[in-house]
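**Student:** Please work from the sequences and hints to get the whole structure.
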Amino acid sequence: MQEQTKHTFHPTFDSPRDVWVFDLDNTLYAAECNLFSQIDTKIGEYVQSLLGMNATDARKVQKQYLLEHGTTLKGLMAHHSVDPHHYLDSVHDIDFSPIERDDHLRAAIEKLQGRKVVFTNADEKYASQVLKRLGIDDQFEDIFDIHEAKLEPKPKPEVYDQFISKYGIDPKRAVMFEDMARNLIPAHRLGMATVWINTGSIWGEADHDPDTVHAETDNLSRWLHAFLNR
Numbered sequence: 001m002q003e004q005t006k007h008t009f010h011p012t013f014d015s016p017r018d019v020w021v022f023d024l025d026n027t028l029y030a031a032e033c034n035l036f037s038q039i040d041t042k043i044g045e046y047v048q049s050l051l052g053m054n055a056t057d058a059r060k061v062q063k064q065y066l067l068e069h070g071t072t073l074k075g076l077m078a079h080h081s082v083d084p085h086h087y088l089d090s091v092h093d094i095d096f097s098p099i100e101r102d103d104h105l106r107a108a109i110e111k112l113q114g115r116k117v118v119f120t121n122a123d124e125k126y127a128s129q130v131l132k133r134l135g136i137d138d139q140f141e142d143i144f145d146i147h148e149a150k151l152e153p154k155p156k157p158e159v160y161d162q163f164i165s166k167y168g169i170d171p172k173r174a175v176m177f178e179d180m181a182r183n184l185i186p187a188h189r190l191g192m193a194t195v196w197i198n199t200g201s202i203w204g205e206a207d208h209d210p211d212t213v214h215a216e217t218d219n220l221s222r223w224l225h226a227f228l229n230r
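For the sequence shown, my numbering assigns the number 1 to the initial residue and increments by one for each residue that follows.
Calculated directly from the structure, the hints in this document are not laboratory data.
In silico DSSO-like links for lysine-lysine, alpha-carbon gap of 27 angstroms or less:
| id | residue 1 | residue 2 |
| --- | --- | --- |
| 1 | K42 | K156 |
| 2 | K150 | K116 |
| 3 | K125 | K74 |
| 4 | K156 | K116 |
| 5 | K74 | K63 |
**Tutor:** Okay, here's the thing in structure tokens:
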């Protein structure tokens with residue numbers, strides 16, 4: 001997708017918004033960093049080792065559990081009693097060097113008035129490392145991670161309810177930034193303004209409902225600066 005030189009803003013952004021909810025992966029950093037590719041490989045290796053399978057069969061199990069349970073982890077827990085902490089530590093043991101400090105993004109986030117929270121399907125340990133690499137680890141009130149969500153992933157509606165309840169958020173004052181279009185659907189239903197970070201991936205566009213997206217961009221930092229300067 002080509003970023004428009006001039007941004008236009010949905011009327012919903014004229015309403016008071018003072019809660020800023022950020023997804024982590026492929027939202028706060030560019031998808032070109034390709035951390036997911038490393039994690040995907042680690043998941044495959046974990047399944048191989050756990051079940052004594054070759055790479056091809058492990059891949060089939062990995063994707064079957066993803067389809068049936070929402071995450072590979074949930075499938076491994078259901079069928080093989082896997083410890084989620086051990087699993088997440090293993091699959092997040094990756095090279096973070098592709099992520100570089102982003103002072104342009106930091107400058108925009110610093111200027112946002114109100115509360116700022118990271119809402120991720122990853123765990124806090126991993127998320128903290130990503131935020132530190134970006135140079136924005138001091139910009140957020142908290143990280144709502146997969147453990148806080150009782151190991152249930154976005155876009156399950158109950159996870160959004162837990163998120164709102166924990167922080168006492170009025171969703172009608174919140175803006176959510178997310179690269180997975182389907183994860184914005186529950187946020188929109190709750191009254192949040194939604195910004196889709198379109199990375200051009202098939203996975204990110206899956207179940208995309210244009211009626212639940214108030215803004216679309218391929219660059220979070222650029223969108224934030226345009227929003228702040230509108």
